[in-house]
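Line by line, the protein sequences are chains A and B. Per numbering that gives the first Met the number 0, residue 0 is the first one in the first sequence, and the count goes up by one each step. Per numbering that gives the first Met the number 0, residue 0 is the first one in the second sequence, and the count goes up by one each step.
Derived DMTMM-like pairs (lysine to aspartate or glutamate); straight-line CA-CA distance at most 25 angstroms:
id : chain 1 : residue 1 : chain 2 : residue 2
1  : A       : 125       : B       : 76
2  : A       : 167       : A       : 95
3  : A       : 125       : B       : 57
4  : A       : 125       : B       : 173
Simulated from the structure, these hints should not be mistaken for laboratory data.
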Amino acid sequence: MDKFARYFLDWERMAQVFPDLLREGLRNTLVLSLGAMAIGLVAGMVLALLAISRRWWVRAPARVYIDLFRGLPAILVIVLIGTGLPLSGYRVFGREKFLYGILALGLIATAYISEIFRAGIQSVDKGQMESARSVGMTYLQAMRLIVVPQGIRRVLPPLTNEFIALVKDSSLIFIIGISVGERELFRVGQNYTQQHGNMSALVAAGLFYVAITVPLAHLVNFMDKRLREGKRTTADALPAGAGEHA
Amino acid sequence: MSATAPRVALRGLRKRFGNAEVLRGIDLEIAAGEVVCVIGPSGSGKSTMLRCVNRLEEPSGGAVEIDGQDITGPGVDINAIRSRVGMVFQHFNLWPHKTALANVALAPRKVKGLSRAEAEKIARARLEEVGLADKADARPSHLSGGQQQRVAIARALAMDPDVMLFDEVTSALDPELVKEVLDVMRGLAREGMTMIVVTHEMGFAREAAHRVVFLDHGRVVEEGPPQRLFDDPHTERLRTFLGQVL
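Bound conformation, chain A alone (with noise of 0.2 angstroms):
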């Protein structure tokens, strides 16, 4: 027991690299998941969109894209874009390595949100958008006035899940080789181990990752459950799950 403490709860350890979680790795991981996240948000709602188009070769697209990403292990995306783009000439970040990881992780979060939002839309009753085009509006306009309004505030929950997932995914874009102060939470944790042969730094990452993503969850639990006895009729529950990563 004495061992286990010493190799995984030595809080000197701890104190030590935690100037380094704190100032490089969780700004560096709360960088990646937000800029995955943005990306995804907008990427995203454009393939919903695409997706639930009455035009099968509008919606095809969208399906390949989603079934591909969603299909593929986040860390074959990671380097295939992190290593493969810049390695086969395509520098569009330069030698930023970072920036491709933002690339990597905000295409997979695209995929997940895209299928969020269209759940959330298809959601919304079909005599609203009815409604809409009668006094003469065009379905973008029915669309961004009236359904999606009303289909965001549904998927709130699920698009918390999907920041949550990014965060602990961000931890991933080690494999493509970032430099120091380039660093998310899990390499600081990770190289302070390496050097010391000592799980306390990891196990202190751990703790980071946690004070985000716990209270995000139960701010989800929150959510859903205020949408479940919500004061509105229309809040109906999305099927559980949706959009959620494998």
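Given the structure of chain A, go ahead and fit chain B onto it with the hints provided.
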């Protein structure tokens, strides 16, 4: 557009859903200022016919003319047509994320391009007309069914339509709330609004309609002034139907 063209004309209107032929060639002309009530058993095609008038359903054959213009033809700006054709739905289809005032003011702003102030002025006037001036800031979920339906009528009126379509607008209401909605419709009829009213309210049809149309199996079986239809039905099918509902 000749001056003598009926406000609305259905010419050999057909609609099929898959193998089911719902409308089998309907010919009907409605003059400006005329109130036409459409009655018939459920499944007779009443609602489908009404929804073809503003092309919420696409006709499978025949034509729909408004002021002599065929609106089913190619190159028709259906949004412009719809902004002149108001519709009220069985389930109100108010937009739950907006106040009563915003529900009514939205189309004048976004479709007609009026300023917020102009649109809200119109909206307040329309809410006043349906007796709900004091509910302008209420969300639909805080209104009774009858109030919601009156807001829905105000929303359609705010676009200053040439025709109003009513699709079983009292069917989802508690009995004690039906009258307030019918009273608003009677007022509209008195003011000379052109109205096509799909309804099960035989009392309303008898007293407010200029003409009653009896639909069965996707065809007009009998039509004429309400007194004639209700007191002296010529066909067995109408006699049977009236025997069931009166």
